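S.K.: Construct all of the structure, not just a fragment, from the sequences and the given hints.
Per numbering that gives the first Met the number 0: the sequence shown = residues 0 to 83.
Rather than coming from a laboratory, the hints here were simulated on the basis of the structure.
Quantities reported herein were computed from a predicted structural model and do not represent experimental measurements.
Careful: at least some of the hints might be erroneous.
Said to hold, decoys possible - Pairwise CB distance ranges (calculated): (1) 9 x 60: 26 to 32 Å; (2) 68 x 21: 30 to 36 Å; (3) 20 x 64: 28 to 34 Å; (4) 20 x 61: 28 to 34 Å.
Cβ coordinates follow ideal geometry from the N, Cα and C atoms, glycine included.
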Amino acid sequence: MISDIDAVRHRFRQLQESARHEVRLMMVPELSVVPRSANAAERAGVRRGVLYRAILHREALTEPGMVVQALADLAASSRNARTP
0 MISDIDAVRH RFRQLQESAR HEVRLMMVPE LSVVPRSANA AERAGVRRGV
50 LYRAILHREA LTEPGMVVQA LADLAASSRN ARTP
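M.R.: Written out as structure tokens, the structure is:
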């Protein structure tokens with residue numbers, strides 16, 4: 000288990016950079032491993048054709064700008080989002 004946030008960021012970037020088909024992730028309130036605006040690995044993955052699938056915790060949708068950003072991502076990329 001990786002618990003240091005810098006180590007988590009590093010490993011998440013590695014996973015995204017090595018993905019060939021799909022990245023699955025969970026978005027929970029009050030935890031951001033990589034700020035959306037700074038996630039160059041995700042943008043590069045989408046350009047390579049990697050499918051991003053996200054499970055969003057309902058409370059994460061209450062964070063400022065989250066709904067607008069999620070809808071924009073769905074419209075602009077191959078991201079699938081669902082709430083449990």
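S.K.: Now tell me, hint by hint, if it's right for this structure.
M.R.: How the hints compare with the structure:
no.	hint	verdict
1	9 x 60: 26 to 32 Å	holds (28 Å)
2	68 x 21: 30 to 36 Å	violated (21 Å)
3	20 x 64: 28 to 34 Å	holds (29 Å)
4	20 x 61: 28 to 34 Å	holds (32 Å)
Violation of the numbered hints given earlier is confined to hint 2; every other hint is satisfied by the structure.
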